[in-house]
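Asker: Below, each chain spelled out in residue letters.
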Amino acid sequence: MTTFALSRDRHEARSRPRPRRKPRRLRRALTGWAFAGPATLLILGLSVFPAVWAFVISRTKWNGIAPAKPVGWGNYETMAQDPQAAAAVGHTLWLTALFVPSSILLGMLVAVALNQKIRLVAFYRTCIFVPYVASAAATGILATFVFNPQFGAANEVLRRLGLPAQQFLESRSQALPVIVLIALWGEIGFTAVIYLAALQDIPVELTEAATVDGAGRWRVFWHVTLPQLRPVTVFTAVWQTITAIQLFDLVYTTTRGGPLQSTETVVYYVYELAFQTQRFGYGSAVAYGLFVVTMLLTLGIFWYSRRSKIEAF
Amino acid sequence: MMQFWNARRRFLGGAVLALGLLAAGCTSGTPVDDTKDAAAGYDPNADVTITWWTGQSSDAETMAEKLATEFHASHPHITVNTSAGASTTDELLTKLSAGFTSGTYPDVSYAYGSWAGQLAASGRTQNLTQWVADPQMAWSEIPEAARSTATVDGRVIGVPALVDNLALIYNKTLFDKAHVAYPTDTWSWDDFRAAAKQLTDTSKNLYGAAYSVAGSEDTTWHLWPLLWQHGGKILDGDKPAFNSDAGVAALETLRQIAVDDKSMYLDQTDEKYAQLFNDNRIGMMISGPWSLYDMGEAKVDYGVSFLPGYNGDHETISGPDVWVLFDHSDANRAGAARTFLQWLTGKDVDVRWNLGNGNLPLRSSEAATKEFADYCAQYPGAQKFFDNLANAKQARPTVEAYPEVSRYVGQAIASVLQGASTPKEALDKAAQQAAVALRG
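Chains A and B supply the protein sequences, listed in that same order. One rule links them: number in this note's numbering = place in the first sequence (from 1) + 146. One rule links them: number in this note's numbering = place in the second sequence (from 1) + 1.
Hints listed in this document are in silico derivations from the structure and should not be mistaken for laboratory results. These figures come from a predicted structure and were not determined experimentally.
Derived BS3-like pairs (lysine-lysine); straight-line CA-CA distance at most 25 Å:
hint, chain 1, residue 1, chain 2, residue 2
1, B, K240, A, K215
2, B, K173, B, K205
3, B, K96, A, K207
4, B, K371, B, K67
5, B, K198, B, K263
6, A, K207, B, K430
7, B, K198, B, K178
8, B, K348, B, K385
9, B, K394, B, K240
10, B, K173, B, K263
11, B, K240, A, K207
12, B, K67, B, K96
13, B, K300, B, K178
14, B, K173, B, K385
15, A, K215, B, K96
Pulled out of the complex, with its shape left as it was, chain B reads as follows (with noise of 0.2 Å):
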């Protein structure tokens, strides 16, 4: 029994000690060295087979996958495997990090903006910088805040996939029932909030403004364009400098309208101000194109008009997504995927891609096209977010820290609009936790 014992422990114990290396294995992995050209000496008149995970379901994925056979049929030597990635866009990420652990990553993916940081910090994309510069590419067709959020610490790790922005969006049923002149471009904060202010009525449970207090990126988001207003920035350097003068200032404003005022809706969970707005319970949200498919389902009768400014300063914020080039050491794969992303982007494919499927168009060559004109026509507003890229001029910065940075924002904006504490002292902690992440 006594060397049962023992025999079993020392497996046991060898079981612990090969699950341990395996799993220490499993954290680390050799990246790629991105220095030199991934599609240098690229063949293009070799067979190759390219991976694209889109992040889309339904019917985009569908699209995706029929204009994955067109480009074969005009591109017969290279074939793109398509698949959604993961269930979710937001699980692509995960899914990302399991295969770069497992080395089955794809050559393209689908991205939000803000990984940008984290997946270039995984050693595996490409570098794309020069590639870009060629005139085909026509790279500067394309907002430039979606070029920014494409690119980290000078390096271009892929090319943007969908480009949008915020505007004001507002009930025009709330707005006529409480005899009060709909937003127009011109529009400063302090018409916001009194407009906003004018539009409450508790005692109805109705709201001029609506603001997300989840503490998640969508609170912290629609801060920005404030801090961008009043002159500030986000980051200095690899440095937190949102606490600024110009970042209380930004805040100070929204803390004004939800906690003086009491005119802001604060959604604890960012995903009910949306639905009220299309109940007719929210007179003005700030929010992207993305609304503009649901609340034409729900039949509301709404305008789009661009962000209240700060002394006629109407700058906004652009979400955008990317396309993600990974290295396989592989020059044939790399020149492959490059061949196939230039053919996607490009102003032919897109206006199919990105207006059939009810986002902006990525390029401002495509303003000209019928397609836009249609999709304007289907989708009210549409040519008013179009309009409003213009104002975006910054992007969020690239930096892998951003989601944590993002998130002490958060809760600090949640803290002061639900009058737990003044905004100096708020993102003055903010500041404090934002930077022992950016140290690393």
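For reference, chain A alone in the conformation it holds in the complex (with noise of 0.2 Å):
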């Protein structure tokens, strides 16, 4: 758009004698932001204005309703010592450490298998992006009927396969793994969509060099299709980060955090703090901090990513 308002003064510089400098100059700056201008505006009322009002209001003790008193620092310094904080960033961690390297790596295997040339291909392509396509609330709704103890079909399928019922989310142990499970049916569409398009970008000449070099199908693999790969590991491992850093909606479709706050993940706690007791302020502290760490992430990842010459980004 620079590049557009600068040939346009060239043009009119030619056409007019002897252009006057200071108009020419406003009129470069308000061209730019006359394209500028209402995407600033945008970002500026719809993400930076709730940023900084929410950092403001992280420094207050704040239910909606009556006025703020300032707190300083002191919500902050609560985060630091509050156990449930400290049990939901756990759990978080926990979320995405069983979260992220099974969608990708399932992802990978589903490609994978959709890259071979067998019948009906499409079908299937299009048979593993649909959960993806589905809300997440949705998918959460259905998976309560699905690992329902009572009345589910899961334990449906264990007690016709002769194995013991389960009491899947409603047990303390079980319901953050189950919680994965029905993400990763949600999202291996998404990686394995990116993954497909990444093997099919593989000059098949590599492939066919290996070949005839004398490597076996496994070799191949190894050796030229993964590496290729790895642009698309980066950004892929970056984006399932924030994904389940990020979860919300199906947690609370499916358990309300519960049982006894054994899935409640930070985003669910902030979200508990703000709106079920109104504590506006100490929810916000809570969400900085998980930009922070989120902030911390990306930057680490893309120095790291800049550093080894992957072009993830």
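These two chains come separately, so use the hints to put the complex back together.
Answerer: Right, here's the structure in full:
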């Protein structure tokens, strides 16, 4: 857009004999802002303003109704000592550790399978992608029916197989892995499509050359295909990590953080603080804590991918 | 380039500062002084327009709009702008808080009873204490628990909009199948426990009783009647008192049914147990008159009785909602809003409004009306809920921190019923957390 403005100015310079300097500069600036303005206003109003406001709120004690009381960094100090916040961080880390590697591995596996020349491949590809299109809220509600310990289909299957019935979402130890399972069902479509596109971008000559040199299929995959997929892997790892860290809708629709807070993720904890107990100040502080961590993580991976020359972004 | 950078940085710095200041402004605002009467000097002949947030949807909202038109016909000086206020009643509080920030809050709004403390703390409510004492208001016809919910620190901030209470609803089909005698109004919690045990058959997925362990207010307020029956209190002044021996005994009663007998369906979401009751999976649930409509639709064969009691005390709890009146520093608006509310909550209009929407009548004087007889015929068990209003003697505390206190107690109950801690431990921990919240 700047280029456009510049070329326009040059054109006008030619047609007018002595362009005065000031209006031209002003005009240039105005043209620029006319293009950038609407988007800038949108971003300022819908992203920057709420973010700044949240920061202001995070330094107060406020229930949304009564006048806010400034408490300085008090909310952040509370956060550092809050066992429930620490537990929420633990659950989020555990969830990320389970979710990210499995979604990458399974996505890659599915993508490799769907990259074969098989009949009805387009149909299978659609099938794999459909769960990703379904909203997480709908997925969550459906999953509560499937995993209901008393009346659900999952236990019915276990019973037919002669296995003992499980509590699933109502057991403190199983609820989190079950949520990961549900999240995977929805997200594999996404990673699979990304990997599929990456696989199809790998030049055929490379694999052919390797095959001619006598490499078996496994060695071709390991030494040729996999290195080619590295940028995509960095990208999906970042993307899926952010997805896992921000997971809220599935938790909300399946367990509401229960049983006994065993699936309470950081984002759900923020929701509970702000909208269940009306502690907007403390909730904002925890949200800012999450923001800082996500930011550092992203910057770290940026730095890593630049340093190791992987063009992930 | 460098210059450009500096200019941009300065601009951004300025913008961030401005945003910060704007944001800081959003969390504060000037509350109204409510020591003087908001409607003092009201001129009944002045033309006034007031705003009414009903918090209702579909049929009830249509009826509200009809009533507003009717009111305008009989009071031509007052125009009532009617809207639901928010897409769901739950979101009204958020809308109100946004309204306070921008100064565009309504004159009259529906509010859950549990919000009363917070709304009063906004400093924008009217002080109605003297007005409701007017004999024309017939204030004492409204159940006491509902009146105290509308009263915060001795100041009346609104008029009850809806009254309800918790009673024992039982599934006759399941009782007949298990050959268990139906509950009576004089049942003790031991009777309840024994029946729950007899009705439970986990191999068939049948449960005698149900309880929400979502840790929400639904979890919490079901415990309060038991606490009161044991002679306990929720708060003592501004300190938590629910972890007394009475509280521990109350929670122990539930723990035995859930953990020792395993005859209680523990609902993680507080939405499923009513559906399972309607599917003939749950024998008894403790719920309110709002369940009557769904049970009728599901064609369940049910009965209603008072809550089981402890030592013959069958005290229950009421969860009244309130029409809160707000002050706009305009005597005419305040006065008009009061005239409107007096009309809306009066006996003649309330039989149409509350009974027409399937709720209990607001005033005891409505019991003799034909509309009430029709309502009881349409909803079996409604009469029992109406009689049960007499058992609702205490109200939940109207303190600002109640939602937070409720959360801690809810989590304590959930952990006990799922066998993760003992009543004493869990309630003590909740009391510690609540004490911090109450200190403010």
